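Peer 1: Protein sequences, first through last, are from chains A and B. The opening residue of the first sequence carries number 31 in our numbering; numbering runs sequentially from there. The opening residue of the second sequence carries number 131 in our numbering; numbering runs sequentially from there.
Keep in mind that the hints were calculated from the coordinates and are not lab data. For clarity, every value in this text was computed on a predicted model and none was experimentally measured. There may be inaccurate statements among the hints.
[To be verified] List time: in silico PhoX-like cross-link candidates among lysine-lysine, alpha-carbon distance up to 25 Å:
#1 A:123 to A:39
#2 A:123 to B:294
#3 A:140 to A:39
#4 A:110 to B:293
#5 B:293 to A:84
#6 A:141 to A:39
#7 A:110 to A:84
#8 B:294 to A:84
#9 A:122 to A:135
#10 B:294 to B:311
#11 A:135 to B:464
#12 B:293 to A:82
#13 B:330 to A:135
#14 A:123 to B:421
#15 A:122 to B:293
#16 B:384 to B:421
#17 B:311 to A:82
[To be verified] Chain B is nowhere near these chain A residues, computed Cβ spacing over 12 Å in every case:
#18 31
#19 46
#20 75
#21 77
#22 133
#23 151
We put the CB at the ideal spot given by N, CA and C, even for glycine.
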Amino acid sequence: MEMTVKNFKDALMDDRLMGSSCEICGRISIPPRPICPECRSDELAWVELSGKGKLVALTEVRVPLSRFIDDCPYTVGIVKLAEGPMISGLVKKGEVDPHIGDNVKAFNIKKGEEALLGFRPV
Amino acid sequence: MSTGRGVAVIGAGMTRFHHRLHLDKTSRELFVEAALEAEDSVDENFSLENSDALFLGNFSSDIFERQTHTAALMADWLGLKPIPAFRVEDACASSGVAINLAAMAIYSGVFDVVLVGGVEKMRNLGTEEITDALAYAADQEYEVSVGFTFPGLYASMASSHFKKYDSSWEELASVTIKNHKNGKLNPKAQYQSSVMDTAKRLGERKGVVFEDEMDFLSSDFNPYISHPLRLFDCCPTSDGAAAVILASKNVAKKYTDSPVYLEGFGQASDSLALHDRGSLTSMMASRVAAKKAYDIANLSPSEIDVAEVHDCFTIAEVIATEDLGFVDRGMGGKAALEGRTGLHGDIPVNPDGGLKAKGHPVGATGAGMVYEIFKQLRGESGKRQIADAELGMAHNVGAAGATVSVQLYGR
């Protein structure tokens with residue numbers, strides 16, 4: 031399968047979080063890339079990620095993009111996945127407000143025709 | 131790299147940066163105003179007709195005015211056709227990059243005199259449309275798609291910085307207070323009032339008395355935009371233009387006895403997506419671009435007398451002062467709090483008020499920084515003059531740090 035944005039998003043729609051694994055240096059990337067950002071090899075394989083990780087940054091957005099007006103305020107964050115790489119996602123609040131360092135797990139948030147990458151506390 | 135041929139700034143001009151003043155103008159009128167002021171600022175008889183080329187930084191007249199192809203447009207409106215005209219788009223670093231390109235063109239010997247600048251006309255759109263337009267400079271597929279805005283990206287850097295260095299929002303607020311204090315002294319700044327002036331004005335209207343700046347900044351009068359960043363942690367959006375005239379060293383002597391020389395320059399790129407960076411509390415592109423510039427100029431950070439750094443958000447100035455080597459890692463906010471980056475500190479940062487108070491017409495910002503450095507090094511900065519400033523830096527960041535240009539200037 032080609033390392034395209036569309037294929038990443040289609041997989042997310044099916045509840046699979048995909049990355050690429052470099053067959054030369056072992057680096058895992060999310061989203062999948064055609065060229066390894068570490069060693070520039072083009073020998074990459076699709077790999078399904080666990081979706082588990084830790085919040086390393088987060089913020090509650092009060093002045094939103096126009097297509098998120100109905101969701102405002104909402105929280106977005108950056109998650110360091112168990113496999114190594116970091117990725118951005120919407121952060122769903124649990125019973126308490128999320129904090130840096132919290133363990134989270136990926137899930138997909140359906141928004142219209144799209145699936146957005148979300149994380150919620152575990 | 132050899133820079134033996136030498137490049138000098140011989141003139142600089144800018145419009146006032148503002149959110150209301152230019153609503154009845156388009157980018158062409160703004161850029162013409164800035165370019166004509168730059169022409170007039172050249173000491174000896176100089177005409178823009180002596181320019182061999184125009185380099186124009188412009189982020190997105192496409193969205194803001196439905197106008198692309200803006201470099202040729204400006205050349206025509208200045209009566210300069212058929213000179214070659216180049217548009218440069220690298221987000222908020224567009225005109226910093228345009229200046230680097232113009233300098234390279236002069237170093238190469240292709241051109242002797244280049245008009246270079248930038249323009250942005252943002253304020254005819256509403257806040258949401260501007261928020262959307264600016265987000266075009268982030269990674270659409272993987273960070274904007276989940277709801278990240280620019281304040282959101284910088285807020286993420288702030289939350290990481292607080293955690294990593296035990297730094298605080300109060301430190302960020304001291305950047306706000308300092309830059310507004312400086313902006314008060316700059317007749318071209320969008321906001322020419324100190325934070326206390328604003329606290330008094332808004333407080334009187336609502337019958338509230340604020341004890342000091344922090345009392346005001348931590349009140350509901352300063353709402354969160356993207357936690358922990360509040361309104362006064364964010365630069366405004368603005369309309370404006372800035373232009374500088376670069377010339378080869380030999381040609382510069384014809385036009386002025388006091389040119390400002392480009393001593394070194396650097397540029398670097400990084401991933402658009404913040405989550406793809408090795409660090410959320412430092413910009414690799416700033417470090418790489420600055421090192422290149424310091425190496426070419428054979429200078430070290432402690433030798434710089436005045437710095438214009440890209441403070442689109444207060445946290446951006448904090449991180450920049452660390453990345454550029456002016457203060458130790460994690461100490462950027464404390465340096466502002468202690469007055470080290472104030473007009474009379476050991477490394478004055480953003481004496482013109484910075485993006486925070488002077489305003490941020492995206493494509494014009496890098497050239498606006500060089501306008502300030504040109505004036506500072508020639509002792510023409512009035513009440514905000516840094517005494518005996520001989521070496522200055524301009525540091526222009528695109529988006530969340532995916533493009534950074536740095537220039538070092540000396541007199």
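Peer 1: Quick check: which numbered hints come out false for this structure?
Peer 2: 10, 11, 13, 14, 16 and 17
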